[in-house]
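J.: Chains as they are written, first to last, in the numbering used here: chain A, 4 to 263; chain B, 32 to 294.
Note that these hints are calculated values from the structure, not bench results. Possibly wrong hints are sitting among the right ones.
Label-pair ranges, simulated between beta-carbon atoms [stated by the list, open to error]:
hint, chain 1, residue 1, chain 2, residue 2, range
1, B, TYR129, A, PRO83, 50 to 56 Å
2, A, GLY144, B, ALA59, 34 to 40 Å
3, B, LEU44, A, GLY144, 56 to 62 Å
4, A, HIS200, B, VAL101, 55 to 61 Å
5, A, PRO115, B, VAL101, 25 to 31 Å
6, A, GLU190, B, VAL276, 30 to 36 Å
Just so you have them, the derived chain A footprint on chain B, three or more residues with Cβ under 8 Å [to be verified]:
hint, segment
7, 193-200
8, 222-231
Glycine included, each C-beta is placed from N, C-alpha and C at the ideal position.
In case you want the letters, here they are:
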Amino acid sequence: MAEGAFLRISQVAKTYAAKDGSSVQALTAIDLDIREGEFVTVVGPSGCGKSTLLKILAGLLPRSAGEVTIQGRPLAGPNPALGVVFQAPVLLPWLTILENVMLPAKVQKLDPALARTRARELLAMAELDGFENRYPSELSGGMQQRAGICRALVHDPSILLMDEPFGALDAMTRETMNEELQRIWSEKRKTVLLVTHSIPEAIYLADRIVVMAPRPGHIVEVVEVDLPRPRTLDMQNTPEFGRYVRRLREHFRAGGMVAA
Amino acid sequence: MMRGRSLTAGPVLPVLMAVLVFGGWEAAVHLLSISKIVLPPPSAIVLALWEAVGSAEFHWHLLITLWEIVAGFALGSLGGLALGFIVALSPLAERLVYPYIVAFQTLPKVAVAPIIVIWFGYGLSSKIIITATIAFFPLLANTIMGLRAAPADQIEMLVSCTATRWQVFRMVRMMAALPYIFVGLDVAIVLSVIGAIVGEFVGAKAGLGFLLMQKNFNFDMAGTFAILVVLSLIGVVLHAIVQAVQRRVIFWMDTAGDRPVSL
Ligand SMILES: Nc1ncnc2c1ncn2[C@@H]1O[C@H](COP(=O)(O)OP(=O)(O)OP(=O)(O)O)[C@@H](O)[C@H]1O
Ligand SMILES: [Mg+2]
Chain A
4 MAEGAFLRIS
14 QVAKTYAAKD
24 GSSVQALTAI
34 DLDIREGEFV
44 TVVGPSGCGK
54 STLLKILAGL
64 LPRSAGEVTI
74 QGRPLAGPNP
84 ALGVVFQAPV
94 LLPWLTILEN
104 VMLPAKVQKL
114 DPALARTRAR
124 ELLAMAELDG
134 FENRYPSELS
144 GGMQQRAGIC
154 RALVHDPSIL
164 LMDEPFGALD
174 AMTRETMNEE
184 LQRIWSEKRK
194 TVLLVTHSIP
204 EAIYLADRIV
214 VMAPRPGHIV
224 EVVEVDLPRP
234 RTLDMQNTPE
244 FGRYVRRLRE
254 HFRAGGMVAA
Chain B
32 MMRGRSLTAG
42 PVLPVLMAVL
52 VFGGWEAAVH
62 LLSISKIVLP
72 PPSAIVLALW
82 EAVGSAEFHW
92 HLLITLWEIV
102 AGFALGSLGG
112 LALGFIVALS
122 PLAERLVYPY
132 IVAFQTLPKV
142 AVAPIIVIWF
152 GYGLSSKIII
162 TATIAFFPLL
172 ANTIMGLRAA
182 PADQIEMLVS
192 CTATRWQVFR
202 MVRMMAALPY
212 IFVGLDVAIV
222 LSVIGAIVGE
232 FVGAKAGLGF
242 LLMQKNFNFD
252 MAGTFAILVV
262 LSLIGVVLHA
272 IVQAVQRRVI
282 FWMDTAGDRP
292 VSL
């Protein structure tokens with residue numbers, strides 16, 4: 004697998020300088036190879052450095068050590084090969100949904116006509132057609148988050164980074180979003196790295212689950228999820244699914260954390 | 032319950048209040064036979080206003096003051112806006128200019144008015160410049176603050192899709208500054224009315240402030256009050272214009288539907 008690594012994270016570490024002059028070691032020696040088209044989820048107790056890792060990959064945060072490569076090319080700063088989805092939708096309130104979705108294309112000076120077509124396609128896929136000319140405040144939280152996902156895809160990045168994208172949504176909406184994300188992923192064949200606090204979500208979506216632990220943030224286990232695709236919500240009631248849930252819970256218990 | 036609500040919400044109580052205030056005022060002046068040159072009755076003020084509305088001389092004074100307000104406001108707020116952008120964009124400019132801005136801001140601008148009259152004379156330009164110095168600071172302070180007010184997550188979102196510093200500035204920071212800039216404009220327009228009048232007090236040959244001094248000098252209290260009414264009307268109208276423009280420009284903020292419903 005190391006041969007065909009699409010996104011390679013090697014020996015990445017991050018030490019934050021705190022305001023009082025001390026330093027916080029948030030990540031040590033993170034090694035992770037991700038295949039093209041793979042769906043990887045990241046779980047771990049709060050403060051174990053999941054967001055830190057994602058921000059480093061997104062080029063929003065300088066790493067203290069280590070290297071990240073995409074298809075062998077070293078990553079330095081934000082990269083158009085990446086699409087990022089945040090915990091909050093972060094839509095700009097003065098732009099329409101369509102304009103919001105087209106924003107990365109505008110920033111990267113892609114052909115506007117092409118970007119518009121793509122944005123409309125994505126919105127239709129996210130069942131937001133008819134809302135192109137509405138403003139974000141006119142949409143529900145779930146709809147805004149779907150628009151945020153469309154925005155992350157509009158410049159056709161090969162890698163999608165998502166930091167607890169559905170954390171702010173209610174359980175029902177969240178399940179629907181998980182189904183949709185799986186559908187989008189299987190249609191578009193993106194490589195996805197998704198951070199979540201929800202164990203069922205981590206299993207439902209993942210080819211592999213990266214389990215992290217804090218102080219300092221490191222990877223304790225990588226779990227291959229061997230459930231057939233496409234996954235269904237009913238699968239969550241099967242004994243196989245239950246075994247994965249128990250396995251992940253073990254880690255949270257060991258870390259003194261209780262999670263859903 | 033319905034009756035109680037419609038009474039507090041409807042126009043009945045405000046009208047009643049107005050009748051009480053002005054009726055009481057009118058009655059007090061007559062019953063206590065207060066001298067006209069101390070406190071004119073509302074009826075005399077209305078009469079003086081009516082005369083003013085029909086007088087070409089009054090129109091001339093009004094136009095001069097309006098011009099001083101509008102030109103001073105435009106000059107001062109454009110200057111404040113421009114310097115605000117420069118300071119927000121260039122750390123060097125900030126270090127060089129900021130100490131002077133702070134020092135000048137704490138100075139009561141009214142105290143500078145006599146100097147400006149000496150420099151620029153008794154004509155319109157001194158009044159416009161006095162008004163401009165007063166309108167300048169609200170814009171400057173709010174522009175600087177506004178250009179720093181963009182939420183970190185919006186900036187991160189743009190940076191993550193490879194936006195340059197300039198793109199972030201154009202696409203987010205400038206937009207996030209707009210509500211602040213309008214707060215500045217709103218303060219500046221009201222201060223501009225004060226600026227023009229103070230300027231005319233210090234030295235002028237025309238304008239409502241000049242007229243006010245004249246009427247005051249001649250113990251024409253009703254006329255003085257009539258000008259005060261006109262001045263406050265000017266303030267209200269200009270403030271309303273700024274608010275109307277603001278609602279159009281910053282359409283995404285503070286829509287009526289978001290306000291808490293008062294019962
Ligand atoms: N800007 C910062 N300055 C200093 N320390 C920070 C900063 N950001 C994060 N940290 C520290 O780094 C560690 C990891 O933080 P991070 O946000 O990556 O955790 P997380 O796994 O995403 O947590 P959560 O699940 O709560 O989102 C924490 O101990 C946190 O206190
Ligand atoms: Mg986090």
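J.: Hint by hint, note whether the structure agrees.
T.: Structure-based check of all given hints:
1. TYR129(B) <-> PRO83(A): 50 to 56 Å: Violated: the Cβ-Cβ distance is about 38 Å, outside 50 to 56 Å.
2. GLY144(A) <-> ALA59(B): 34 to 40 Å: violated (59 Å)
3. LEU44(B) <-> GLY144(A): 56 to 62 Å: violated (41 Å)
4. HIS200(A) <-> VAL101(B): 55 to 61 Å: The hinted range 55 to 61 Å holds for HIS200(A) and VAL101(B), with Cβ atoms some 57 Å apart.
5. PRO115(A) <-> VAL101(B): 25 to 31 Å: Given about 39 Å between the Cβ atoms, the range is violated.
6. GLU190(A) <-> VAL276(B): 30 to 36 Å: About 46 Å separates the Cβ atoms of GLU190(A) and VAL276(B), which means 30 to 36 Å is violated.
7. 193-200: holds (count 3)
8. 222-231: That given contact is violated, which follows from only 0 residues of the segment 222-231 of chain B lying within Cβ reach (below 8 Å) of chain A.
Taken one by one, the earlier hints fail for this structure at numbers 1, 2, 3, 5, 6 and 8, listed in ascending order.
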